[in-house]
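Place chain B on chain A using the hints.
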Amino acid sequence: MKLNIGGITEAGLSKKNQTGNWRAFLPVVDKEKCNGCEICEVFCPEGCAEISGKSFCVNEFYCKGCGICAYECPVSALTMVASGGLSS
Amino acid sequence: MKRIEGRKGLVQGAVAIAETIKAVRPGVIAAYPITPQTLIVEHLGKLAADGKLEGKFINVDSEFSAASMVWGSVAAGVRSYTTSCSQGLLLMTEVIFNMAGTRLPVVFTAVNRSLSPPINIQVDHQDTMTLRDSGLIQIYVENIQEAVDTHVQIYKIAEDKDILLPAMVCMDAWILSHAYAPVTIWTEEEVEEFLPPFDPVFSLDPKRPLTFGALSNDPSLITEFKYMTHDALIRSKQKIEEAAWEFEELYGNYYGGLLEETYTEDADIILVAMGTMVGTIKVALQQLRNSGKKVGLVKVRSFRPFPDSELRAALGAAELVVVLDRSFSASFGGILGGEVKSCLYGTRGPAIINFVVGLGSREIYPETVFDIVTQAEMLAERGLSPETIFFNLNKELLPEAIFSI
Chain A
1 MKLNIGGITE
11 AGLSKKNQTG
21 NWRAFLPVVD
31 KEKCNGCEIC
41 EVFCPEGCAE
51 ISGKSFCVNE
61 FYCKGCGICA
71 YECPVSALTM
81 VASGGLSS
Chain B
1 MKRIEGRKGL
11 VQGAVAIAET
21 IKAVRPGVIA
31 AYPITPQTLI
41 VEHLGKLAAD
51 GKLEGKFINV
61 DSEFSAASMV
71 WGSVAAGVRS
81 YTTSCSQGLL
91 LMTEVIFNMA
101 GTRLPVVFTA
111 VNRSLSPPIN
121 IQVDHQDTMT
131 LRDSGLIQIY
141 VENIQEAVDT
151 HVQIYKIAED
161 KDILLPAMVC
171 MDAWILSHAY
181 APVTIWTEEE
191 VEEFLPPFDP
201 VFSLDPKRPL
211 TFGALSNDPS
221 LITEFKYMTH
231 DALIRSKQKI
241 EEAAWEFEEL
251 YGNYYGGLLE
261 ETYTEDADII
271 LVAMGTMVGT
281 IKVALQQLRN
291 SGKKVGLVKV
301 RSFRPFPDSE
311 LRAALGAAEL
321 VVVLDRSFSA
331 SFGGILGGEV
341 KSCLYGTRGP
351 AIINFVVGLG
361 SREIYPETVF
371 DIVTQAEMLA
381 ERGLSPETIF
391 FNLNKELLPE
401 AIFSI
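Quick note, the sequences are listed as chains A and B, same order. Everything in the first sequence is counted per the working numbering, starting at 1 for the first residue and increasing by one. Everything in the second sequence is counted per the working numbering, starting at 1 for the first residue and increasing by one.
There could be a bad hint or two in this list.
When the alpha-carbon atoms are kept at most 30 Å apart in a straight line, the in silico BS3-like pairs for lysine-lysine are as follows [claimed, not checked]:
1. B:226 / A:15
2. B:226 / B:156
3. A:2 / B:161
4. A:16 / A:54
5. B:207 / A:16
6. A:2 / B:207
7. A:15 / B:207
8. B:56 / B:161
Hint data in this document are derived by calculation from the structure and do not stem from the laboratory.
So here's chain A without its partners, still in its complex pose:
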């Protein structure tokens, strides 16, 4: 591989960047409590929290484990659980 002048590269590389590797904690949902209100989806800065069906799910490839979804959840359905990056 050779670097281009100025390190200019093809577009869309951030899609390949596994930011999930940075994660120390992963949000885990209590399906009994989750009411599918989508607040987590709105607040997730990376767009990787999602209400699918009627319950929370997370894209583990990108989720950095910032915990904003759990903080904002109005029914406390999300818990941040220690997670070793993409191991799961």
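Below, chain B alone, put in the same frame as chain A:
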């Protein structure tokens, strides 16, 4: 032989620069009007409002935005321009490092003004010298005509496919920006003979998207990435020399390439300086020579790339080198002084004395130069190797505590 005539007139420095930028035809100009600014932007704004400017003039909310805007427009393959002074240049700093790293040749005029505090709009070189580590090309000019001509040259240097770096013409505030002088300004057609259109290596196109400034936390790449900027800046030395020669051929004006030497061949004492004080030193030099003192002068035109081997060749045979700095690095001393010492290290070269002069528009007269030469001679005779001297520091003004320690 000179073949281009230009238009001669009595013109204010800032207006001469604005008219030159118009002739260079940038596609995008972005600038913020204060903190502080000069008539360059005002005049370009007027040209835009009168429909006389080919490119787009974009008003922005800060110098950070101005720099970001032209970084983007050069990434889109468009020749661009911005200008600022003092604090405004510092606000652009983050973007300037990005321009140098992503190799996008934005051209700046820096009208040199002192930094706050105290809040002031006087002249010294502290603002631009503080940008020296960014990877930016910096040329310091002596008079208004050199400022005009260097703008035409610097676009060619910056946009060269082997270089591709941001570049800055540094001109002293007031003395050059606001003074009137007989100046020759070049028309669009006359500039075109010297300066080819900007032909970028990479540019943004919706049909072929690219990433400028990608993320990489990879320690095995970052050194090599940074080295590319270092290497390009060193290679620009040759381009600066070539641009100066080519310019002389067409337009008849020459101010030196990286350096300009005056009376250095037989000089015992050589002064080293940048910017407008060079003109004053040249006047003083005549009188010093008439009185039998073998004093010479090296004008550092290109501060970045730093002309290290050229300075060694120019200064090596002197007994005493006196570096006059219009800026300093606190606790270290004069910046140019430090770099001249560094490049002569290990050469068994001359003794070097460094003075800080002319901060915040403190006037530099020919008499100032005589005093400095006399002081330097005395210090050298005593065998002292003094630290940087703040010339004519008025100790009466300082609180006593400073001297009781």
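May I ask which of the numbered hints given earlier this structure violates, with the numbers listed in increasing order? none
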